[in-house]
Each structure stands twice: as C-alpha cells, then as structure tokens.
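Peer 1: So the chains spell out like this:
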Amino acid sequence: MSEAAVMHARVELAEAPLTPESWGKLGMWVFLAGDAMSFGALLVGYGLLRHASTNWPLPFEIFGINLTAFMTFLLICSSVTMVKGLEAVKNNQRSVAKTYLLLTVLGGAGFLGLQAYEWTHLIDEGLKIYGNPWGSALFGTTFFMITGFHGMHVTGGVIYLSVMLAIVSKPTTQLGPGRTYNVVEIAGLYWHFVDLVWIMVFTFIYLV
Amino acid sequence: MADTHASPNYWMIWLYLFVLTVVELGVIHLPLVKVAIVALLVFLACYKALLVAMYFMHLKFERRTLGIIALTPFILCLFLILMLIPDIA
Chain A
1 MSEAAVMHAR
11 VELAEAPLTP
21 ESWGKLGMWV
31 FLAGDAMSFG
41 ALLVGYGLLR
51 HASTNWPLPF
61 EIFGINLTAF
71 MTFLLICSSV
81 TMVKGLEAVK
91 NNQRSVAKTY
101 LLLTVLGGAG
111 FLGLQAYEWT
121 HLIDEGLKIY
131 GNPWGSALFG
141 TTFFMITGFH
151 GMHVTGGVIY
161 LSVMLAIVSK
171 PTTQLGPGRT
181 YNVVEIAGLY
191 WHFVDLVWIM
201 VFTFIYLV
Chain B
1 MADTHASPNY
11 WMIWLYLFVL
21 TVVELGVIHL
31 PLVKVAIVAL
41 LVFLACYKAL
51 LVAMYFMHLK
61 FERRTLGIIA
71 LTPFILCLFL
81 ILMLIPDIA
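For the protein sequence lines, the chains are A and B, in the order given. Numbers 1 to 208, taken from my numbering, label the letters of the first sequence in order. Numbers 1 to 89, taken from my numbering, label the letters of the second sequence in order.
Note that these hints are calculated values from the structure, not bench results. Don't take each hint at face value.
As the list claims (entries may be wrong) - Covered stretches of chain A, going by a simulated chain B footprint (3 or more residues, C-beta under 8 Å):
| id | stretch |
| --- | --- |
| 1 | 28-38 |
| 2 | 48-57 |
| 3 | 79-87 |
| 4 | 157-169 |
Cβ coordinates follow ideal geometry from the N, Cα and C atoms, glycine included.
Full structure from sequences and hints, please.
Peer 2: Spelled out as structure tokens, the structure:
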C-alpha cells in the first residue's frame, strides 16, 4: 500500500463511524453547546450582579412562583410528549406521532401565553427593564433579558416543531427509523435543550 | 441513526422531573441558611438537567463525542465563575 493509501485509510477509519444522519445531530449538538454558553454567560452575569448588589429584591416575593412552577410543568410535559412523538415516528404510527407532536407544540404555545401574561402583570406592577419599585434596577434588566432570551428560544421551537408536525402529517412522508426520524430527533434535541435551560432559569431567577 | 437500545421509560423520567420540581418548591421554604438552600437548589437543577440530557436527549445512548461536546459549555462556565471570583472578593 502506498503512503497516500495508508493515510486515506486512516482518515476513513477516523471518520467512518459518523453516518450521514449523525452529521446533522452533531451539528445540532455543536449549536446547542454554543447556545448553552450564551445562557451560561447570562446566568453567571446575573449571579455576579446580584451578588454585588445591596438592594436586590427577593424574587419569590415578587414573582408568582405557582404560575412559573406550572410553566415549568408545561415544558416538562411537552418534553415527554416530544420523545413519545419521536418514538411513534420510529414505530411508523403516524396518527400517534401527530397527536404527540401537536401536544408538544401546544405545550410550547401555552408556555409562551403564560409568559406573556406574566410579563404584562409584572410590567403593570412596575417592573421595567430600566427600573422597579423594589430595589436594584438591574433586577428588571436581567429578568427581562434572560426570560426574554429563553422565550425567543421557545418561540423558535414552536415554529420549528410546527414544521416537523407538518412534515410528519404529510401522507407521503415515510416514517420509520429512517430520515424523517432523524430530522424529528434533531428538532427534539433543540426542544429538550429549551426545557433544560428553563430548568436552570427557573432555579436561578425564580427560586434562589 | 438506528438506535438499538431499548427505549427508557419516558413517563418515569417525566415523573422524576415533576417530583424534583415539587421538591425544589419545598426547599425554598426550609428553615436553613441561604447558602445551604442555594446549594440544594443548584444540585436539584443539575440533577434535572442531567435527566433531560441523558434520557430525553439520548445522551446516555450516544457516542462519547456528543457527550464531550455537551460538557464543554459547563466546563467553560465553571471557568468563567472561577475567573470572576477575584472580582467578588
């Protein structure tokens, strides 16, 4: 074997385990890792500002924890309907997959509706991005920045999953453990990530 | 990718996540020092995040590469926190 052929074989060996489907998955994971750093930086920044502040209001005295707990519950539910939907895609059960994906989309939309309600309520009470009646102005700034950034992700996810629902609903789309499964799985990764980030946001912004 | 693993019981994971959220809500009312409550909350949040990543995102059944990618932001965030400590002290 020539040297070039040996080199080629080596490269092939290193790259072979990634099938074409997993390149998409790899791409999504790389994106999510970058996105996680954005959220990480926002949350660490939040922690730093709060620690340095002497008049930071107590979050759970101002936010309705019960409402946000319910929003958390909604996202957790929509995560489980997502995996069940994916499972149905793999098992070639179109109507089951459609139902679960629809429930996932509705969960996300419900979350957004509640967030809009929560924001309106808090803005009415005087929480603004530049100040609030209870203490440090940054309390409002960080709150709207972080929950807003997350809310935009949920919005993107609802659109993304609606497209998945449309694809799965089309009678000509072939289900089973093939390409569609892979595409839906990648969408699911994004959706679970949004849920995962909310777990962190809920803990650090609302509970701590 | 055709998964060969048996699917985990997703409803059980859902139940765990639900119970852990309820526990979190209980923890904030515990008569403990602030630091202990925060530590507990961080632990519970990380545990929930781990459940989501491992089972819902199938990380448990994936090749190692993806796990390493998933771990990088956490390492970098820890790094960020460490670098900010001198500013706080």
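Peer 1: Counting residues of the stretch 79-87 of chain A that have a beta-carbon nearer than 8 Å to any beta-carbon of chain B, does the count reach 3?
Peer 2: Holds: 6 residues of the stretch 79-87 of chain A have a Cβ under 8 Å from chain B.
Peer 1: Do three or more residues from the stretch 157-169 of chain A put their C-beta atoms closer than 8 Å to C-beta atoms of chain B?
Peer 2: Violated: only 0 residues of the stretch 157-169 of chain A have a Cβ under 8 Å from chain B.
Peer 1: Taking beta carbons only, do three or more residues of the stretch 28-38 of chain A come closer than 8 Å to chain B?
Peer 2: It holds, with 7 qualifying residues against the three required.
Peer 1: Mind checking, does the stretch 48-57 of chain A have 3 or more residues with a CB under 8 Å from chain B?
Peer 2: holds (count 3)
In this structure, the one hint that does not hold is number 4.
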